[in-house]
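Peer 1: Dock chain B against the given chain A, drawing on the hints supplied.
Chains as they are written, first to last, in the working numbering: chain A, 1 to 1042; chain B, 1 to 191.
In case anyone wonders, no lab produced these hints; they're calculated from the structure. Quick reminder that beta carbons are idealized off the backbone N, C-alpha and C, glycines included. It is possible that part of the hints are untrue.
Computed spacing ranges between beta-carbons, pair by pair [said to hold, decoys possible]:
#: 1; chain 1: B; residue 1: Asp43; chain 2: A; residue 2: Asp842; range: 40 to 46 Å
#: 2; chain 1: A; residue 1: Glu496; chain 2: B; residue 2: Asp44; range: 55 to 61 Å
#: 3; chain 1: A; residue 1: Asn115; chain 2: B; residue 2: Val148; range: 20 to 26 Å
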Amino acid sequence: MALKKVKGNFFERMFDKNLTDLVRGIRNNKDNEAKYISTCIEEIKQELRQDNISVKCNAVAKLTYIQMLGYDISWAGFNIIEVMSSSRFTCKRIGYLAASQCFHPDSELLMLTTNMIRKDLNSQNQYDAGVALSGLSCFISPDLSRDLANDIMTLMSSTKPYLRMKAVLMMYKVFLRYPEALRPAFPKLKEKLEDPDPGVQSAAVNVICELARKNPKNYLPLAPIFFKLMTTSTNNWMLIKIIKLFGALTPLEPRLGKKLIEPLTNLIHSTSAMSLLYECINTVIAVLISISSGMPNHSASIQLCVQKLRILIEDSDQNLKYLGLLAMSKILKTHPKSVQAHKDLILACLDDKDESIRLRALDLLYGMVSKKNLMEIVKRLLGHMERAEGSAYRDELLYKVIEICGQSSYLYVTNFEWYLTVLVELIQLEAGSRHGRLIAEQLLDVAIRVPVVRQFAVNEMTNLLDTFTVSAQSNSMYEVLYAAAWIVGEFAGELEDAEKTLNILLRPRQLPGHIQGVYVQNVIKLFARLATTCLELQDLPGLVRLCDHVLDKLQHFNGSSDIEVQERANSACMLIEMLRNQLSTTNDAIALDTTTEGGIPPLAIEIVQEMTLLFAGELIPVAPKAQRKVPLPDGLDLDEWINAPPPEDAASSSSSEHDKDELFVSASQGGTGVEGSGGSGGKRRQSLELTPEQLERQRMARLMEQSNNPHYLKSTPAASGASANADQYDNIDDIPITELPLDMEGVAALRVGITKRSDKYLQEQQAAAQGGKDGKKKHKKGKKSKKAKNKVAYNSSSESEGEPKPLHIVNTTLDMPEGVSMSDSEDKDGKYDPNDPHRALDIELDITEFEAPAVRSSSKKSAAGKENLKVPAESAGSSSNSKKDRKKDKDKDRKGKREHHREGKRERKDAAAQPVIDLIDADTPTPSPSHTSAPSNSNENNNTSNVLPDAAKHHKKKKNKEKSREAATEASATAIGSSIVDVVEEDEQVASKAHKKKHKKEKSHRKEKKASESASASVSATVSASDYEQPLGISTPSKEIF
Amino acid sequence: MIKAILVFNNHGKPRLSKFYQYFDESLQQQIIKETFQLVSKRDDNVCNFLEGGSLIGGSDYKLIYRHYATLYFVFCVDSSESELGILDLIQVFVETLDKCFENVCELDLIFHADAVHHILSELVMGGMVLQTNMNDIMARIEEQNKIVKQEAGISAAPARAVSAVKSMNIPQQIKDIKLPDLPQAIKDFKF
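One chain only, chain A, in its complex shape:
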């Protein structure tokens, strides 16, 4: 019998394909791979029908490979489960792997697996359980989670760290599928944060970070534990997770942020791992954003962050550059000035060869512009736009050009003729863009707000209307015609040759309806304008000709299929025909009696005047909320029915009807003070009984109604965003501006051939600046008399020396009701993903039960006494620990420092006195290599340098020298030599140089490898056969984390 089995085995196995054969076969059948695989699948099906488990195992292994190539193997689900249930680890592993690759969590097959998996989880062999956990993590279903939650929880306290680690991670997956498990499992999970095994610890941190990311407020009470871990751990991977978690927690609890600043700055100074450094900076930024005020010395932290980020951006590693820019953009939002100091660097990144980096630099750009460099920057962006290959990138560039020019009501645009030219150039770009509407809005905005540029604008727009060709429908650039038509019509008075413009507008063209409608409307405006001139000149024949001409051309619009165009064109025709009729009667009279003076009949004059009056009056910009300024007229009751409400027809609707009635009553009571309508008086009684839920529901219903009602004015998010920017730049004069070190003259001279129209303005500006520098002779070019005229208007008090003077004034007054600020936006609701499993995990956890003091320390500060001081005191301990090593003669300094400690952290005030001494002895943290040695000096600098009086600085410097001697002697020497006043800065430089050095070493190492790699790559290009044998050459970069 046994012999038979062996023999059977032998025969079967002899001719079966194993995985290697399969792969080899697929590679040998490159031309008809699909066919080959289908025959293989047939063979596999045969194999699966056999009893022998090894044969099945082999078949399943092959299926796993085939699955990777995109073939559905779910039909083999049952066989996979068979293999999983084998007692042999080899088979089990293959089975679980196949299951993890192809099982769907909703699959009904999973019902069969529950007991088998439970058996594996409880197996004596830790690898059986390990393999089961790994597989399960990929296909766990809600049912499995419910049934196996207890077994996995038991594994969390297994004696084997390997299983504990896996079980902890597994619990997260269980929580996602079965949220009810979270509450009972949480105490154990929390326990694992302090597991003796670092792997388990890290896994627990990982899970809690994932949980807390989505529902941070529930995990705030754990902050003290994490704080302790952060200050004691040396596992960078875990530190990163914790620090990221803190970044999510600080917005909820600003006091936590204050405590974090110090240890984080220490880490920033001490760590050599770029990844950790970067996350520290990120969290410090998050902290600083959450406590924008109330921190006495947070400017130092910002400076530190910005300095470090500069190092990242300057690095030759593109990854660091990218991340540096990413983090910079976060700082820019709250601390624009600090970032502006590095303008040169960011502008340099605009020309980077890497598109991702250019995009990140673009994000920062809006904070970088000034009146002086705007033209230059825009010119560069336009240049990029011509070269850009992807339309997405080009659109982004276009958007940024408009964003930086338009920000803060065109604060940085000095010459609007230039800006209009730029806009026109953007329109004329061949590739087009989806931002046509945006450009149209800009054109309108500029034309309305900048009166002096209107003449230029109308002429530009006439040209645009004349030459613009609607090309591809895919881009929305034709939208600008809308703006162009409106501008030439509205400001017809500025036109030199209105008749020509009129003819352009009347030209029959294929355009979307809404644009044609605007065309017609503005034809009337132009007509009214021309008719008025005819009146002034007493040019009756001209007027008649004009009428006939326009009537004739409008016929084209009359036949439009767009109802709006048709209606407008018809109205226009009627209007002009009316005038024409008046004229024709007199015309006949004139024909009869040619000797009388060519008078225009008074009725015609009246009509023309009336028409002109229609379009008279200046348009001014209106704020989004201006409607509030309009007072409610007496006798208007907004809550009254205009028409009687429909009768209640169904019993089901009566309740909602009820709600409505109550709503009106409450509104009339609380709101405008307008009398409620008589009919609702009887229902007032009910309104008194509203529960809070009802009120809330009513409010929601009302909001819904408002948002769906087109008659409600809604603030546009864009407008409020822009105004938020406006607030930021209140005192723009304080911003230090550095000159761009660009040799523009030379560059411009080289590129004469490709100079664009807008460049003219740039050159003028530079010439003017040059002239001003030479002898301060303000020569006005004759041709520019128009601009000279405008100079009266500019307000020189706010300009710094050398700033280009604005040639045009922007009308920034908005029609706004009193007491309304632009920025108080209403809609701030984040959008929810209804499928997000984390919503179910928003469970209030009773952390209080097992960690009462922890809760107190983070929520209530003073009452708790010693317990609650534990965490902050520890951090103070580690820093004071380092102080202890110092020489006694610095005693005075130290006192000063402690004083500062007390001042700076008011929270710990009561703690500072005793624990500092207390903890020096009690709490001696084990010196971890990455933490203690370096931070001991950086730490102290950070604490002290900001408060030390000038006299003490000398002192400090000397000390610094000693400290950093072993780290970077020459670096510190040069730093001191170059008379740096700020101690903080100096110290940072030392640190940064050390960093750089290290990095450079790695860099060069990497370069070598790269070179060898590329060499081998070139070889492989020639010998394509050996392509796959090529070694991966992986000993390259630094593994700094692990």
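Peer 2: Frame of chain A; chain B shown alone:
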């Protein structure tokens, strides 16, 4: 969370795909294809982070990749992962492969896809990082390999003989010759 780990070569052929969220096979292939197109058009000297990839998650997701000779290692992660940390993780993964296969090359990944999966499962579990210490990872892998060897024992002897025969340097044509199935009579032959 890591949402997916993909390894493909310079031509976009998948060498390893691990999705920590269920996608059906055709969607998986689409994702691999799209990712390959995104990644392959980038120079080697640009940064290793990519936003977008419309198929796999929204704006919260990033592609973090490394390019080694003929292979791309791509991790798709959300914002809870540290970008530089994942880059280091990829490095650990590849170095572990290098240790396990001794000078790993693409061929190793092609012929031992299952082994690569087993190695990966010691680094990442269910989309979360399990272990980052290479020595620990190696120890786990070796212990498991030992079990497999023990289990193989005698019963695997014929199989090993077969595979030894198969891996002999016989020209491919001969190896691929499909022998006719043995007559059923022989198979059923009883001793």
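Peer 1: Find the hints from earlier in the document that the structure breaks and name them by number, from lowest to highest.
Peer 2: none
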